[in-house]
Every structure is written in structure tokens, then in C-alpha cells.
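Asks: Taken in order, these protein sequences are the chains called G and P. For the first sequence, the numbering used here assigns the number 1 to the initial residue and increments by one for each residue that follows. For the second sequence, the numbering used here assigns the number 1 to the initial residue and increments by one for each residue that follows.
Honestly, I wouldn't trust all of these hints.
Same chains, same label: a pair holds when it works inside one copy or across any pair of copies.
Straight-line distance between alpha carbons at most 25 Å, and here's what the computed DMTMM-like set of lysine to aspartate or glutamate pairs gives [as the list claims (entries may be wrong)]: (1) Lys433 with Asp58; (2) Lys425 with Asp58; (3) Lys425 with Glu17; (4) Lys179 with Glu210; (5) Lys31 with Asp362; (6) Lys179 with Glu297; (7) Lys433 with Asp379; (8) Lys425 with Glu381; (9) Lys425 with Asp186; (10) Lys179 with Glu214; (11) Lys433 with Asp158; (12) Lys425 with Asp25; (13) Lys425 with Asp379; (14) Lys433 with Glu381; (15) Lys273 with Asp362; (16) Lys433 with Asp25; (17) Lys273 with Asp337; (18) Lys238 with Glu214; (19) Lys433 with Asp246.
Just so you know, the hints here were simulated from the structure itself, not pulled from any lab data.
Okay, here's what each chain looks like letter by letter:
2 protein chains.
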Amino acid sequence: MDGNILIINGTILTMAEPQADLLVDGFILIKDNRIAAIGSMADLPDNARDRGPAQLIDAVNSLVMPGLINTHTHAAMTLFRGLADDLPLMNWLNDYIFPAEAAHVNPEMVFWCTKLTAAEMIRSGTTTCADGYFHEAAAAEAFLESGLRAVAAQGVIDFPAPGVADPTKNIATAANFIKSWQDRSDRIIPAVFAHAPYTCSAATLQGAKELAREHGVPFFIHVAETREEGRQMQELHKTTPVHYLDSLGVLDRDTVCVHCIWLDREDIELLAKSGAGVATCVASNMKLGAGIAPITEMIASGITVSLGTDSCASNNRLDLFHEMGLCAKLHKVHHHDPTVLPARQALQMATINGAAVLGLADKIGSLSPGKCADIIIVDLEQPHLVPFYNPDLLVYAANGGDVVSAIINGRLVMHERRILTFDVKEAMARVRKLSRPFQ
Amino acid sequence: MDGNILIINGTILTMAEPQADLLVDGFILIKDNRIAAIGSMADLPDNARDRGPAQLIDAVNSLVMPGLINTHTHAAMTLFRGLADDLPLMNWLNDYIFPAEAAHVNPEMVFWCTKLTAAEMIRSGTTTCADGYFHEAAAAEAFLESGLRAVAAQGVIDFPAPGVADPTKNIATAANFIKSWQDRSDRIIPAVFAHAPYTCSAATLQGAKELAREHGVPFFIHVAETREEGRQMQELHKTTPVHYLDSLGVLDRDTVCVHCIWLDREDIELLAKSGAGVATCVASNMKLGAGIAPITEMIASGITVSLGTDSCASNNRLDLFHEMGLCAKLHKVHHHDPTVLPARQALQMATINGAAVLGLADKIGSLSPGKCADIIIVDLEQPHLVPFYNPDLLVYAANGGDVVSAIINGRLVMHERRILTFDVKEAMARVRKLSRPFQ
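The following block holds chain G by itself, in its conformation from the complex (with noise of 0.2 Å):
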């Protein structure tokens, strides 16, 4: 499937300089899986097209743009999409999520629901994912299965986990995970995630990020999501979820915090010397009533501030133009301002800042020759894409559905909507028979 591509007459937008990148009638071609050129369509060479590119896709009326980044999602956990909605947090976690998890979570499970949800984030324009969870191998198999560019990070938490019964060995299941998955795939990286200060101890906080540092890898951390995290953290260490992170010295340019949404000013600016990136989960923080977190006082203070979904139980969706809309407007309403939070900042954190995030910013996150061909295509002949102005409307009109095709390291892994790299009315099948206990 593997080989040159080549994408005619489209609207590309490129997010490779900071303004002013729309090129209008433009071509990008692709060879193995790289992006070997991108122009206007009166550059493209006369025998571009003879000498036989495998594909050629005629994004007439469409929008050509880098795959959408998504920073954070537990991706298995799909199979509780919409389980119990609208509880107070405590009780949503103990009497469903918790119980649901122990009962249900095996390696079958996650690789059923991964592939599903992978089939979830290609339609809706997303091309790499962070993942975290248990039995992350099944969900590896599944991501590199389904065509998807994703980190894949082991969880590692001091109780026993589905996949780790005994916490101890917490630390050697990731270190486990990462050696059998590390030279697999140049589309897989594996990683590790700690699951948060206040359900690891130092030790396995330390643990895990030498595992991560040792092997060259990403380290994720929930931070701070709830006021009552923060004030257990006051309890138990007398001070913040990021200061007590940065005096165990976890906090540098490979650690991403998750959430981030009760900091005071002291902790934005420990992350931003630290060089950690941040993954903003929007509509579950929302949708949890868990919080607004400061992200125009982050980005102002330098913070690389990237876009997550979060998983299903608590979003229930995992569209990233979603996130992008609902990002802007819930800044903006939050602060009383509408120049808060622009488009284009939007559009940046789903992308570029996506790639710095997970130190990927050499590979995606923008379109330019060299770079790997993870690319969306966006139909804008629809009433709800009319008239088109400017890439605002990417933010504030579009939604993943409109995502028409996906190329993922140089493979073409949707066209016209349909997913061609795995069987996904198998994979819904099987998630509707692993959700029968539950109806």
C-alpha cells in the first residue's frame, strides 16, 4: 500500500509559518512516506502525473491540511462511552468506571476498542494519538493494525491494574512494554504513564520517569485536574501537584502534564522552566465540571499547550475539530473577551503544538517537504462550509465528519469516508458484544 501519492488542485494549508500559509490550487506529493513536494499546480511538473504516481487524489473544493494530533486519550475505554453520564465525579468513578474496569479490561477488550476508536479518530482527521492504559501492547497491536501514528504509553499506578495485579512490578510491565514495541514500527512509540502525584508514589513516580528517560520516550502525568487533588496534594505534601512533580525532578521537555486546570501562577511558571508540554482536554474537563484551565496565562508564559480528548467515558467523543471549536469559544466566554483564544491558536494546538508535545515536531504537525505525510483532506462543498473566507472556518464550522480522506505516514488509510486499512463494522460489532453486560 505503501508508495507516491499524488494530491491535485487542492486548498492547502500548510501550519509551517505562523500566518499566511494558504496556498490556493496547489499540488503535494508524496513519495514512500515522506512529503517530497508541495506547490501551485502551475509548478507541478508536466510529467508529474505520466510518471505514474499509485495514487492520485483530486482535492478539487477541499482543504488539504496536516492530521490532527491528539495528546491524550485512553482509548479502550471507549467501551463506556455514554455507560453513566451526568454523576457526580466520585460516584461516576466508583460505582461505574472502577467496577466496569476490574470486571471487563483484558487484552481483548483494549484491542477491540482501540481499533474501534482508531477508526473514531481517522474519521474525524485525527492522525496520531497519545494513548495510556493497561495491556497497552494489545492497544499497540491495534494502532499499528489500523494505520494510526500513535505513542503508546503503559499505565503505571500503585493499585492493582488490569494487566499488573501485583503494583510492584508496575515499573517492569512498562519497561516490559517499551523493549517489545521500541524498534516495531517507525509509527508505534512506545511510552510510559504515570497516572497521577496522588496515585503513585514517589518512588514509581521517579521509577517510571527514569524508564521513559532511559529509553528515550515521552512521560505522561495527570496534573492537577481537580480542586480536590490539589487539595489532597496540600495534605499529604504541603504543597502543589507541580511543585511537588518538579522537586522529584519528573518535569523537563519529555513529560507531558494532562489537564493542568488548578494551577496558580508559582506552578505555570515551574512548567513553563521545566519545558514540559500540556495536553488541554476541553470538553471532558466540561463535561466533568472539573474546571477552566489557564491556558491563555500558560500560553502567555511559554507553555507548549496541545489538544487531548480524553477518553470516551468522560468526553464521549474524540473529534478534534470539536475540541479546537470548543476550545476557542470556551476561553473566550471564560474571559469575557473575543479576541481570546484565535482560530489560528486553535488550529496550532491540534497540530504543530500536537508534534512539539510529543517530541514529534521534526516529523508532523505541519506540511513541508521532508516531513512525514500525515495529511487530511476536508470536503468543503457542504451548505455548512459555505461560503469559505478564510481557515477560521476549520475551527468554528467544520467538524471531523467532514474529513473526507486520511494519509498516515505516506499510506492512504481513508478515501471517500471509508476506512481502508481494517474491517470497522467488525470492530463495532465486536465492541457491541463486549457492551452487552452492560445494557
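With chain G's structure known, arrange chain P on it following the hints.
Replies: Leaving out everything else, chain P in the frame of chain G:
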């Protein structure tokens, strides 16, 4: 085209009861423009199919529900979708929207933009909208041709406006419009829209309401959208916008107050006592940074709150599935409480509450025998809608693009996402042409 339709094998959400009205594996029989019967497939008379419905729709793997009701938009403003985003409100209005309206709004523009807007609404599950603009006869004509049900309100304002160069004729213009449309179609209800308490004199507000009363049609008005409006009203009238309108006698059961963001406790009580309905426009209020309406307080006081999209100039989309999810999530995070505004309430706002606010509760908003057949069908056979535990999925995971069929007043208006009533490509081409001066 009108005639008998039989929908079979669907999961039916009737919205006829406050809770628990999901009918699994059901049928709906439509005769002329009404619902004739709803029931389980097991109870479908053997000869129901033989007697030959004009159309048989198999809704297997689909959810059948009432068409959504958008209680506030300005359809023709779709021309300005994305023309100028992320600007300070006064800059946006004075430098972009007002000059664009002054130069480009004419009956032809209103007709074609309204037609495109109708396509967008039908394709995202809306079957009834309340519109307010100028040259409203052209909008009504477009709605009539589109197949949509509409409350079409002629705008009244004390400034020169498109089609009403002399503002002293604003009420007379609205009167002529109402008279000429009152008996043209049972789908198009003419009405009057007084712009706002700060742009209409007391005499204009009372004259417009008097006109609405005389013809028994709804009266719309923007109320308390910005904090600045409250300041102006204090300066001019030493009171709040709601108190002012109440003192003029224009608030009653047939009045729809749009926005209602900056209300105090007394305003809410006054609104509740008056019986006036409210249209909240969540996306628009967020995007303009206008503020967060006290929806939960209004609902608790007994006010009927419905959902509006506002126009594409400020939203920039007309998808009520998007509005339902946004409304539920915004109010949860605003109150730091995930139990606030549950999915069911958002569904009510977009269906039965919308019908009640527009005075159409006996005709639309829920599915039961005798009501008009305004029905949409949502395709559940998609990765992002699996698994399906309950109808919360519609609020938190679905979007307008998941609607595959729409029946309005007993007529199949969209099937398999194709609009059957008019040429959507022509409407897109016309609006693209109209957008050229702004490109």
C-alpha cells in the same frame, strides 16, 4: 410528494414523556402531514405494508426522534460566516457586519442565503427554525421552497434597514409581511422581531407587540445580550432591560426573549411570571465573549428555555446537536458540577421546549399520534456512536452530520443525506458568488 410514509425497525425516542420513552424496534406510520400511529414492530398490522405506503423507510441501526427546533437565527447572515472572527464586538459590528449588511442585503441575497441555510439546518436535524431578518418575505419564500417549517419574523428597528429605508414605516412593513403570509402555508408562520430595547423606542416596541397580538403570532426580541446593554438601559431608563420591557407590557406567553445573559434575580422572576419563553444561544454567546446565561436558574424558576443557534456571523454553524452538547457542558463547568443540565434536559430544550416557546407545542416537538410528522433519523452504525447505552449519546457524541433522513410536515425532505426538495448545489453556487466582493 406528501403522502403516507412507514418507518420500520427503528429505535424511537418520542420525547413524549419526561423519562423512559425509548421504544426499541418500533414503527411510525405517517398519513398526510400527521403521525397516524407509533408502536412496536410486533404490533405492526400485517397488512400495513401491503396497503402500500408511498414510502417505506427501514430505520434498522438508527434512532428515530423529533426534528430539532432552532428558536433563534438570522438565516440570511450565512453570507457573513467567518468573514471576521475573533474581533472585539463593536469592531466586528461596526467595521464588518453593519457595512456588509448596508451594501449587500437585498431580496435576492436574502432568498439564496436563506435557502443555503435551510439546507444546512435540514442536514443537521433541524426541522423548524425561528428566523428574524429584513426582506423577510424573501426568506419566507426560501423556507417554503426548502420544505423546512419556519416562524419567519420581519425585523423592526428604529434605524434605516435593508428594505425599510424609512424607519417610521417599520411596523407597517411588518404588518404587510404578516398579512401576505398569514394564510399562505401551514408550514410558514409570519411574525415580528423587534431588534432590542436599546434600538427600538418604547412606541416601536409597543407597536410591534400590538401587531403580533392582533395577528396571534410570536413576538421576538434580543434581551440582555451584553453587559454594556445593561449599562445603557440603566443610563436611559434607570432599570434593567427585562424590567423595562415588562413596564411596556410586551412580555407575555407569545414573546420570545433571545439571549437573556445579564439578568438579576428579579429579572428572572419577572420573566417567569410573564410566561415569556427564552432562546439561549450558547455557541454565539461563547464566541462573542458575551457571557453565560443563568439557564439553570431560569429553568428552576419555571421559565421555558429553548436553544437557538443565532446566525452564522457569530456562531458560525447551525447545528443543534452541537448546541445541545455545548449547553450541557458549559453549564456543568460553570457550576463545577457534572449533574447540572443533564443530557435529557438539553434534548428537551431542543425539542419540546422549542415547540412550546414558539407556541407550537400542540403540533411539534415530540412524537405522538395526531402531531405533525416532523421526524429525523440518526444513523447509529458509525464508529463514534458505538456502543449505544442510552439517548445521552445524541447530546455528547452525535453531531448534525449523523442525521440521514428528515421528514417535515409528513414530507420526506432529506433521505440518505440528499435533500429532495431543492437544488442545494445551486444555492451553494449562488452564495459563493455573493461572497466574492468580500474575498
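Asks: Please go over all the hints and tell whether each is borne out by the structure.
Replies: The hints, checked one at a time:
no.	hint	result
1	Lys433 with Asp58	between (39 Å within a copy, 23 Å between copies)
2	Lys425 with Asp58	between (27 Å within a copy, 19 Å between copies)
3	Lys425 with Glu17	neither (39 Å within a copy, 34 Å between copies)
4	Lys179 with Glu210	within (14 Å within a copy, 78 Å between copies)
5	Lys31 with Asp362	within (17 Å within a copy, 62 Å between copies)
6	Lys179 with Glu297	neither (38 Å within a copy, 55 Å between copies)
7	Lys433 with Asp379	between (33 Å within a copy, 19 Å between copies)
8	Lys425 with Glu381	between (27 Å within a copy, 8 Å between copies)
9	Lys425 with Asp186	neither (27 Å within a copy, 43 Å between copies)
10	Lys179 with Glu214	within (11 Å within a copy, 79 Å between copies)
11	Lys433 with Asp158	neither (31 Å within a copy, 62 Å between copies)
12	Lys425 with Asp25	between (36 Å within a copy, 21 Å between copies)
13	Lys425 with Asp379	both (24 Å within a copy, 14 Å between copies)
14	Lys433 with Glu381	between (37 Å within a copy, 14 Å between copies)
15	Lys273 with Asp362	within (22 Å within a copy, 62 Å between copies)
16	Lys433 with Asp25	between (46 Å within a copy, 18 Å between copies)
17	Lys273 with Asp337	neither (28 Å within a copy, 33 Å between copies)
18	Lys238 with Glu214	neither (30 Å within a copy, 69 Å between copies)
19	Lys433 with Asp246	neither (44 Å within a copy, 57 Å between copies)
Hints 3, 6, 9, 11, 17, 18, 19 from the list above are not met by this structure, while the remaining hints are.
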